[in-house]
Amino acid sequence: MASVSFQNIEKTFGSTKVIHGIGFDIHDGEFMVLVGPSGCGKSTLLRMLAGLEEISGGTIAIDGKVVNEMESKDRDIAMVFQSYALYPHMTVAENMAFSLKLRKANPKTIEERVAKAAKILNLDPYLKRYPRELSGGQRQRVAMGRAIVRDPKVFLFDEPLSNLDAKLRVAMRGEIKALHQRLKTTTVYVTHDQVEAMTMADRIVVMHDGRVEQIGTPLELYDRPGNLFVAQFIGSPAMNVIEGTVRRANGAAHVDAAKGVKWPLPGAAGADGQQVAYGIRPEHLSLAAAGASGSVPGEVVVVEPTGAETELVVQVGDEQIVLVTHGRPVVNPGDRIGLTVEPAMVHVFDRSTGQRIGG
Amino acid sequence: MKRLSLRKVTTEAKLLLIGIPVFIWTMLPIYHLFLFSISPKEAAFAGHLWPDHPTLRNFVIVFGEKHYYLSHFWLQMWNSFIIAVTVGILTLFVATSAAFAISRLKVKGGRAVMNMALFTYFIPAAFLAVPMYKTMGVYGLLNSQWALILAMLTIAAPYSIWVLKQASDKLPYELDEAARMDGASPLQLFRLVYLPLMMPSLVAIGTYALLLAWNEYLYAFLLLSKETQITLGVALGNFLAADDSPWELLMTTGLLYALPPAAIYYAFKRYMVGGLTAGAVKS
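Chains A and G, in that order, give the protein sequences.
This note's numbering applies: residue 14 is where the first sequence begins, and numbers increase by one.
This note's numbering applies: residue 2 is where the second sequence begins, and numbers increase by one.
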């Protein structure tokens, strides 16, 4: 168990700078997820922590000890690779025992630790098999077993589930989460999938173009995204963002969008005349009768029922607004309807900086 | 009942049409070699498809070294063997180390080495025979079997490095990283992960270098001269020095000379299998 600290980390490949001074701390026992679109530098950051990539600037410390110049093997960390990277010529048991053998651990300890890890991961029946004889999910578990037997200070996961099919991914997500709750080892987990990040993380670091956009618990990021990027990255379907101008008069306020659409603006966010991006999540919109007071008029474009919920795409002015409802509304494409906004759930961002305005 | 489609039958027929002539073409000289070896001296050139009185006498003479040209048969066979095996092992050592360093450790100058390796084949090996002879003389290695071993190593190594480098590039790099995280030093990575996975290529290259040395005539003829040091291949050439060459013995010895490589090939063939890295990474 250990804490990890990044301070002003930079990374350049040749003349290209891919990470621009990142700093944050991971607490002891925390499950930290690094999330962001492809090329945001999250994997590079993880690989620098692993010692597989040189650190161009700044320091990384594990348990207060700077590890910049330390070899991977001396950092006491274990990594699960996206491609599993199992040794194909070794059995499952040998794969898991490899690191301990290199450390010259006593054979009895090795056997015990492998047996224990195999039990945790339900790999007992497969110990004598070779990786090629296993399914994708089983290989993934072996890769995790290889990390567990070492009992390292920190677990690193580099997009471990992206090679699995959707159903297995959900199952493994639960397994990794359960494993963390059981072992309480500090974990750094890289993914591009915000659902994985939301469901697994204690805290999330949202990265974009080599910078940290926001750090927080999943619900903090969902409820109070610090900027437009985070607002649109976290949550599925993505938040509706409408550009407009704040208008305040007689104690009431709204955001004027194109084609005279007026979006109600509760609270004090935004000064009169300010250019803003108005954000509302699909699940915080509800259907009303066309012309109902306080509603925004629109026309249904697409209706997508998924059973539990229904997703609607509604044309409002120039924008296509997505709405998710738990009910099964009786609407058809072409119907005129009204949209009501849940006032507490409106997000307002400055249009030029993208930063959140107000509470 | 299994019915063959017309298309399958014609494909099969086409293959046979090519295969049978090729088979006869290849086997005819070998059959002649065999025919000579079981014919008595006077019937050797009779031209029959099968001798009237097949005999194993030639083999008795060869095995018993009962002829002037064959007085060191076993020693020369051993010379061929020991030289070929040493060349095989040394080539493997040099080429594997080089390929590992260039492909996995990514040492600086790796590309230059690869280009130079290819460049060596622009000059035919025969042109280098005399310079090589001179070089070995400078090092005082003439008349030592090391001269031939080192010469063959020089000829076999560049191609071997090239092939092994290409083969190692195909091993997933994540395996190296995983091993590094598991605490493997470069040497442990080499021994415990790299070598086992390279086995099929190593067997192929080892066999290649071994056969190259086993079959070498020109360099062996130039660099070795003592009766007790030459390889069997050179000794076979000496048969032709006489006016009245004992053809049946030459062919018998030739047949025996061809057996060890064939044995080695079949012994190691089972290691030359693909799919060793299956299951390592998701492809």
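Hint data in this document are derived by calculation from the structure and do not stem from the laboratory.
There's no promise every hint is true.
Some chain A residues close to chain G (C-beta under 8 Å, calculated; not the full set) [unchecked claim]:
1. Leu59
2. Ser85
3. Met92
4. Arg116
5. Lys117
6. Ala118
7. Asn119
8. Pro138
9. Leu140
10. Tyr235
11. Gly239
12. Asn240
13. Phe242
DSS-like mimics (lysine-lysine), calculated; alpha carbons at most 30 Å apart, straight line [as the list claims (entries may be wrong)]:
14. A/Lys180 - A/Lys129
15. A/Lys114 - A/Lys197
16. G/Lys109 - A/Lys30
17. A/Lys141 - A/Lys129
18. A/Lys117 - A/Lys132
19. G/Lys109 - A/Lys86
20. A/Lys117 - A/Lys78
21. G/Lys171 - A/Lys114
22. G/Lys109 - A/Lys141
23. G/Lys270 - A/Lys117
24. A/Lys121 - A/Lys141
25. A/Lys180 - A/Lys190
26. A/Lys141 - G/Lys107
27. G/Lys15 - A/Lys30
28. G/Lys107 - A/Lys114
29. G/Lys270 - A/Lys86
30. A/Lys197 - A/Lys86
Every value quoted in this text rests on a predicted model; they were computed, and no experiment measured them.
Idealized CB from N, CA, C, for every residue including glycine.
Structure-based check of all given hints:
1. Leu59: violated, 12 Å
2. Ser85: Status holds, d = 5 Å.
3. Met92: Status holds, d = 5 Å.
4. Arg116: For A/Arg116, the interface hint holds, since the closest Cβ of chain G sits about 6 Å away, which is under 8 Å.
5. Lys117: Check failed: Cβ of A/Lys117 comes no nearer than 10 Å to chain G, outside 8 Å.
6. Ala118: Violated, about 11 Å.
7. Asn119: The hint is violated - A/Asn119 has no Cβ within 8 Å of chain G, the shortest such distance being about 16 Å.
8. Pro138: violated, 17 Å
9. Leu140: violated, 15 Å
10. Tyr235: violated, 31 Å
11. Gly239: violated, 34 Å
12. Asn240: Hint violated; A/Asn240 Cβ to chain G Cβ min 34 Å, cut 8 Å.
13. Phe242: Cβ of A/Phe242 sits 30 Å from chain G, so the hint is violated.
14. A/Lys180 - A/Lys129: Given that 30 Å is the threshold and the Cα spacing comes to 27 Å, the pair holds.
15. A/Lys114 - A/Lys197: Distance ~25 Å between A/Lys114 and A/Lys197 Cα, so the pair holds.
16. G/Lys109 - A/Lys30: holds, 23 Å
17. A/Lys141 - A/Lys129: Holds. A/Lys141 to A/Lys129 sits at ~15 Å (cutoff 30 Å).
18. A/Lys117 - A/Lys132: With a Cα-Cα distance of about 23 Å, the restraint between A/Lys117 and A/Lys132 holds, given a limit of 30 Å.
19. G/Lys109 - A/Lys86: Cα-Cα ~24 Å, so holds.
20. A/Lys117 - A/Lys78: Cα-Cα ~25 Å, so holds.
21. G/Lys171 - A/Lys114: Answer holds: G/Lys171 to A/Lys114 is near 27 Å, not above 30 Å.
22. G/Lys109 - A/Lys141: Violated - the C-alpha atoms of A/Lys141 and G/Lys109 are around 40 Å apart, more than 30 Å.
23. G/Lys270 - A/Lys117: violated, 35 Å
24. A/Lys121 - A/Lys141: holds, 17 Å
25. A/Lys180 - A/Lys190: holds, 16 Å
26. A/Lys141 - G/Lys107: Violated, at roughly 34 Å.
27. G/Lys15 - A/Lys30: Judged against 30 Å, a Cα distance of about 60 Å means the pair is violated.
28. G/Lys107 - A/Lys114: OK: G/Lys107 and A/Lys114 at ~26 Å, within 30 Å.
29. G/Lys270 - A/Lys86: It is violated: about 38 Å lies between the C-alpha atoms, which goes past 30 Å.
30. A/Lys197 - A/Lys86: The given pair, whose Cα atoms are some 21 Å apart, holds under the 30 Å limit.
The structure fails hints 1, 5, 6, 7, 8, 9, 10, 11, 12, 13, 22, 23, 26, 27 and 29 (numbered hints given earlier, in ascending order).
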